[in-house]
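**Q** Quick note, the sequences are listed as chains A and B, same order.
According to numbering that gives the first Met the number 0, the first sequence is numbered sequentially starting from 0.
According to numbering that gives the first Met the number 0, the second sequence is numbered sequentially starting from 0.
Keep in mind that the hints were calculated from the coordinates and are not lab data.
Repeated chains share a single entry, so a pair holds when one copy, or any two copies, can fit it.
Straight-line C-alpha distance at most 30 Å; calculated DSS-like pairs for lysine-lysine:
#1 Lys135 - Lys21
#2 Lys267 - Lys151
#3 Lys34 - Lys99
#4 Lys204 - Lys135
#5 Lys151 - Lys135
There are 2 protein chains.
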Amino acid sequence: MLHETLDTYIENNKRIVHHELKNQLDYLPIPNRLKESMLYSIEAGGKRLRPILLIASNEAYEGDPQKAIKTAVALEMIHTYSLIHDDLPAMDDDDVRRGKPTNHIMFDEATAILAGDALLTYSFEIISNDPLLSDKQKVQLVQKLSYASGPKGMVAGQFLDMEAENKSVTIKELEEIHDLKTGELLKYAVSAGALIGNASQSQVKDLNEFAYYLGLIFQVQDDILDVTGDQDRLGKPVGSDESNKKSTYPKLLGTHGALKQKEIYVEKAKNALKNANADHSYLMMLTDYFSERDH
Amino acid sequence: MLHETLDTYIENNKRIVHHELKNQLDYLPIPNRLKESMLYSIEAGGKRLRPILLIASNEAYEGDPQKAIKTAVALEMIHTYSLIHDDLPAMDDDDVRRGKPTNHIMFDEATAILAGDALLTYSFEIISNDPLLSDKQKVQLVQKLSYASGPKGMVAGQFLDMEAENKSVTIKELEEIHDLKTGELLKYAVSAGALIGNASQSQVKDLNEFAYYLGLIFQVQDDILDVTGDQDRLGKPVGSDESNKKSTYPKLLGTHGALKQKEIYVEKAKNALKNANADHSYLMMLTDYFSERDH
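Take the sequences, apply the hints, and build the full model.
**A** What follows is the structure, encoded as structure tokens:
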């Protein structure tokens, strides 16, 4: 199954995901400037980690890229909406993301708010209209996506992250915030892919554990890159966590301690993959990729 | 079937809807302040027109209040989210709604943005988890709701409404904006109720026509009240359209012309109801209620 190097695999799937994202948005009969704003953030060059994870998880079972692609782009739309709203002046007030002006800088605040609302809502339309999925699958995919991205998931994480600024939190509280803010969508990625691939319930349970640790790996590495990373590779200023007084792993554990913590998470993630019978899939390589990424 | 006066009917259903809204939110395991913010706008005392319309439409066919209530409150959550985002400083910048401080005034902008996102996302969770609906019904309800409230529906309407400020539009353009901004959710209300009640496709089609005119009636009356209404009854300042330089029916047609236009819409709405075989339901009385409301 692992017939390509990971880099080729990622590049090929990025292309497929990008093509389908364009396909879902280019022909939408909606006001021009609203569409431009949605497309602007969708095309701003993300790593497409979530849709690729979904596709890789689907391949680990009864893989069918055609069945997985629409849910994968719906997930990327949810992720993109969350970035647009997160960057707003009232939230993180970021002017630059991925080396480009953020949505509300490029357009305006009202358009950015509506483009985010539109991407969020449209993602549910895409999944519920997918002709290749059964009604039962669609209902489960909508249940899980609304849970993962809603007030019990990502929105709670964003809210707690905001509340945690300017106060110190424990490593346990930090893990909870990241699990909600980042981990829930990663869990959705792997469990949605597996669900479309007809994995068993116990396999999905193990994959959720895998995704939990993958989310923590992602976050530790994010924090480490903010200390040691290269501004040009990252497309954003380094040291911003420090100036935002954010609680981070390096701050709580030191840079060395954060690296050791990451290794523990990597081992736990790979163990969970073995239990899910998915340790011969690209998910295994993606774990190292998440852990070692430089942007 | 029409065993109560319309006022009693509306009051009873308002109570049922309010109870279920509280029920869906009170026990949510989410951050306190986020929940307070969601509840604040949900409890700010709306007329609950959309959920009542959904319930009335359901009753016109194989009515079952238990099957309709969850979709009804999901719809009210979508409506509430749209008001929270609409009131934001970057959008309409309203400090008061229904006689109370708007969400971002009572809490803060970031919380208001997230409370809106949370209500929008949670509404899809509620529908997809309703144990009384079939998977087929849930999929159709999610398809229709995401269409009605997304970039081809309500969000497009809000965007066009924003673009139309400070410029003159034709009556046709005005109708299109209102149809998207208000009409799409009203269409959802009646078609979702009918769908849950197993109405035929052609009945749903006629109901959509009914809802189209109902939306226009709603909007003409809104515009008329902004000219002739009572500030205390409305819970918002009158004359704000004039000072916002908004295109309105009274401005385009005069107050008398707007009243005549409303009568034409009422007749068309009632004709569509007859065609849908729903002219002996509360939908008929609700049409007059929409047309004659004073707040």
